[in-house]
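Construct the entire structure; sequences and hints are all you get.
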Amino acid sequence: MFDEYLIRKDSLQNVCEDGKVTGFRFAVRIADYRGCFLSLHNGYYIRCDGVEYPRELQRFQINGKAPRTFEEIKKAVWEHWDYDDEGWVYVTKPGGLEKGMHEIALQQSVLSQYGYMPWDEEWLRNPPVPGSGAGAGKTAVICTFSLELQE
Amino acid sequence: MSIKRGVSLYSYQQEQFFKQMDFHDMVREVRENLDTDGIEIIDEATIKGYPFPSESFVFDFRNTMARYDMQAVTMDIYLDVHQFRDHIMTHREAAERLKNDIRLAAKLGFKNVRPLCLVPIDVIEMALPVAEECDVRMGKEIHAPLPIFKANKQQPTTGMAAALDFRMAEQILELAARTGSKHVGLVPDFGVFQHSPCRPGIEYAKRHTKYPEIVDWILENSVNYSPDDIFTAIREKFPQNDINPGMISRLSLHESSADPEDLRQIIPYIVSIHGKFYEMTEIPGHPGEYEDVSIDYETPIRILKECGYEGYINSEYEGQRDQQDMGFENLPDSVEQVRRHHEMLKRLIAK
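Respectively, the protein sequence lines represent chains A and B. Residue 1 is where the first sequence starts when you use my numbering, and the numbers rise one by one after that. Residue 1 is where the second sequence starts when you use my numbering, and the numbers rise one by one after that.
These are calculated hints, taken from the structure and not from any lab test. We put the CB at the ideal spot given by N, CA and C, even for glycine. One thing to keep in mind: the hints can contain errors.
Pairs of lysine-lysine, BS3-like flavour, derived with a Cα cap of 27 Å [as the list claims (entries may be wrong)]: (1) 99/B - 75/A; (2) 305/B - 9/A; (3) 4/B - 210/B; (4) 48/B - 111/B; (5) 19/B - 9/A; (6) 19/B - 48/B; (7) 65/A - 19/B; (8) 182/B - 305/B; (9) 48/B - 107/B; (10) 20/A - 93/A; (11) 138/A - 182/B; (12) 99/B - 182/B; (13) 111/B - 206/B; (14) 138/A - 19/B; (15) 138/A - 9/A; (16) 9/A - 206/B; (17) 48/B - 65/A; (18) 305/B - 150/B; (19) 206/B - 182/B; (20) 48/B - 75/A; (21) 150/B - 182/B; (22) 4/B - 182/B; (23) 65/A - 93/A; (24) 9/A - 20/A; (25) 20/A - 138/A; (26) 206/B - 138/A; (27) 4/B - 237/B; (28) 107/B - 19/B; (29) 138/A - 210/B.
Taking CB as the label site, the calculated pair distances span [said to hold, decoys possible]: (30) 310/B - 149/A: 58 to 66 Å; (31) 85/A - 135/B: 26 to 34 Å; (32) 85/A - 86/B: 22 to 30 Å; (33) 20/B - 63/A: 38 to 46 Å; (34) 283/B - 11/A: 39 to 47 Å; (35) 138/A - 133/B: 32 to 40 Å; (36) 54/B - 17/A: 32 to 40 Å; (37) 65/A - 151/B: 50 to 58 Å; (38) 67/B - 61/A: 34 to 42 Å; (39) 135/B - 61/A: 14 to 22 Å; (40) 85/A - 153/B: 37 to 45 Å.
Here it is as structure tokens:
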């Protein structure tokens, strides 16, 4: 669901930290009809211009706090990502992206589900790696976006 | 008295996503254009700051309900067992979440909560004293692929259906009998009377596979396979298959999971009903009259009327999610879909 709208079209930007371009970021919404406890957010499958950026290179910014790694997000067990709110995904890529159009393929992983499932213990030990569709919430396909880098 | 009409604000999830409507607009639409008063919400969609909303949110919600003279019927609540990430939520912890949701529902003025069909029955029982204290009824959802009563139905062993207990409604009736409590019941979802895949779902599947012929094969042949066997059959016939298991289950639906006659035995336990639908189209030869061709509404509503059911059926529009991959101009209009659904409900209730 919300396949074409998970990334805001005019949100792709390079990220400058301590005077250096450290990567890029884009704004996302939750691929569900409800929000979630933030700890359930398990990262993204991200492929930008053919290159995959694993969860270890991603951070997530929400609720007015500084961007956090998904290891930190995992600990936000009493914080909530509200349905109405936009979050920012930060991707580490020294030098950032070139000016112009970029193709981003994306799948969001949120471990919300409707109760106890047979795979619970397995997911506790080995959370699904985003991209396979497992733990992908309500949008199990990988969605592709053509985005222009904003100034 | 007769069956009452309401709307789950779930129906307007797309308009909320695009910030075209907020809950005030939705409540006004139900009052002014559907001419009715029943409101159901998804806690984690409507409640800003869930599970600890501000006093001002609570007042704003109650005030809006008062302004339009509405009834807060049911609040839909969830169970995410991975919340803590260092352990799977225990049943007692699950009961704590349920109790907090019940208190929150009471604060917002709701008469009922809808826990999911997969919430274990002992969790429901642990929360029962709080439900009594708050005078909020718990209606466990009878959601497809559940039947109302198991009878001789085979429980599937694959996918989410394997996690469901087909004796769920019986467990609720047993709990109500054993405790004598009026605060435990059921929320049947009209999805259990869906007998064929909906058009938006079929079209979505075809747009997202390299092999649309697999979709056609499933539609033509699913009747010959059990929910488990269809996966083996597809693997053998189409090794190249790229359609995910959830979608295969949806496409292979060929009979409703519940028998509407079973409603007769659960009437006193029905807390409210979900009016699930995917697409309302005009009935050929009947201008201005609408139906969802994939779900039987006529038989269950006739039975509910015969049995004197006087609670709410709350519209739950779900066809939008299969149409959000084709550009803004192709998005469905949920407001119009719900209006059509109420044309149907009004007509069938009055019949």
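Cross-check of the supplied hints:
Among the hinted pairs, residue 99/B with residue 75/A is consistent with the structure: their alpha-carbon atoms are about 23 Å apart, no more than 27 Å. This hinted pair does not check out: residue 305/B and residue 9/A have alpha carbons roughly 49 Å apart, beyond 27 Å. This hinted pair does not check out: residue 4/B and residue 210/B have alpha carbons roughly 45 Å apart, beyond 27 Å. Taking the CA atoms of residue 48/B and residue 111/B, the gap is near 20 Å; set against the 27 Å cutoff, the hint holds.
For a cut-off of 27 Å, the pair hint linking residue 19/B to residue 9/A stands: about 16 Å separates their Cα positions. As the CA atoms of residue 19/B and residue 48/B are separated by approximately 14 Å, the hinted pair is consistent with the 27 Å bound. A threshold of 27 Å between alpha carbons decides the hint, and for residue 65/A with residue 19/B the separation of about 23 Å falls inside it, so the pair holds. A hinted pair counts as satisfied when its Cα atoms are at most 27 Å apart, and residue 182/B with residue 305/B qualifies at roughly 22 Å.
A threshold of 27 Å between alpha carbons decides the hint, and for residue 48/B with residue 107/B the separation of about 14 Å falls inside it, so the pair holds. A C-alpha spacing of about 11 Å is found between residue 20/A and residue 93/A, which places the hinted pair at or below 27 Å, so the restraint holds. About 35 Å separates the Cα atoms of residue 138/A and residue 182/B, which puts this hinted pair outside 27 Å; it is violated. Only pairs whose Cα atoms come within 27 Å are accepted, and residue 99/B paired with residue 182/B is accepted, the gap being roughly 17 Å.
With a CA separation close to 42 Å, the supplied pair residue 111/B and residue 206/B exceeds the 27 Å bound. For the hint linking residue 138/A to residue 19/B, the alpha-carbon distance of about 20 Å falls within 27 Å, and the restraint holds. Taken as a hint, the residue 138/A and residue 9/A pair is honoured in the structure, with Cα atoms around 20 Å apart against an allowance of 27 Å. About 25 Å separates the Cα atoms of residue 9/A and residue 206/B, which keeps this hinted pair within 27 Å; it holds.
With a C-alpha separation of about 18 Å, the suggested pairing of residue 48/B with residue 65/A holds against the 27 Å cut-off. Distance check on the hinted pair: residue 305/B and residue 150/B sit about 24 Å apart at the alpha-carbon level, within 27 Å; holds. For the given pair, residue 206/B sits about 47 Å from residue 182/B by alpha-carbon distance, which is inconsistent with the 27 Å threshold. Only pairs whose Cα atoms come within 27 Å are accepted, and residue 48/B paired with residue 75/A is accepted, the gap being roughly 21 Å.
For the hint pairing residue 150/B with residue 182/B, the CA-to-CA distance comes to about 23 Å; that is within 27 Å, so the pair holds. Our distance criterion of 27 Å between C-alpha atoms is met by residue 4/B and residue 182/B, whose separation comes to about 20 Å. Distance hint between residue 65/A and residue 93/A is fulfilled; the C-alpha atoms sit about 21 Å from each other, no more than 27 Å. For the suggested pair residue 9/A and residue 20/A, the alpha carbons sit about 25 Å apart, so the restraint of at most 27 Å is met.
Of the supplied pair hints, the one linking residue 20/A and residue 138/A is violated, its CA atoms being roughly 37 Å apart against a limit of 27 Å. Between residue 206/B and residue 138/A the alpha-carbon distance is near 18 Å, which keeps this suggested pair within the 27 Å criterion. Our distance criterion of 27 Å between C-alpha atoms is broken by residue 4/B and residue 237/B, whose separation comes to about 48 Å. The hinted pair formed by residue 107/B and residue 19/B meets the criterion: a straight-line CA distance of about 26 Å does not exceed 27 Å.
The suggested pairing of residue 138/A with residue 210/B holds, with an alpha-carbon distance near 21 Å, which does not exceed 27 Å. Taken as a hint, the range 58 to 66 Å holds for the pair residue 310/B and residue 149/A, whose Cβ atoms sit roughly 59 Å apart. Judged by the Cβ atoms, the range 26 to 34 Å given for residue 85/A and residue 135/B holds: they are separated by roughly 33 Å. Checked against the hint of 22 to 30 Å, the C-beta distance between residue 85/A and residue 86/B comes to roughly 25 Å, which is consistent with it.
For the pair residue 20/B and residue 63/A, the beta carbons lie near 24 Å from each other, so the given range of 38 to 46 Å is not met. Judged by the Cβ atoms, the range 39 to 47 Å given for residue 283/B and residue 11/A holds: they are separated by roughly 44 Å. Take residue 138/A and residue 133/B: their Cβ atoms lie about 35 Å apart, and the range 32 to 40 Å holds. Against the hinted window of 32 to 40 Å, the Cβ-Cβ separation of residue 54/B and residue 17/A comes to about 33 Å, which satisfies the hint.
Between residue 65/A and residue 151/B, the C-beta spacing of about 53 Å keeps the proposed range 50 to 58 Å intact. Remark: the range hint 34 to 42 Å for residue 67/B to residue 61/A is upheld by a beta-carbon distance near 36 Å. A C-beta distance of roughly 42 Å is found between residue 135/B and residue 61/A, which places it outside the suggested range of 14 to 22 Å. One distance hint, 37 to 45 Å for the beta-carbon pair residue 85/A and residue 153/B, holds here, with the actual separation near 42 Å.
Going down the numbered hints, you'll see the structure goes against 2, 3, 11, 13, 19, 25, 27, 33, 39, while the others check out.
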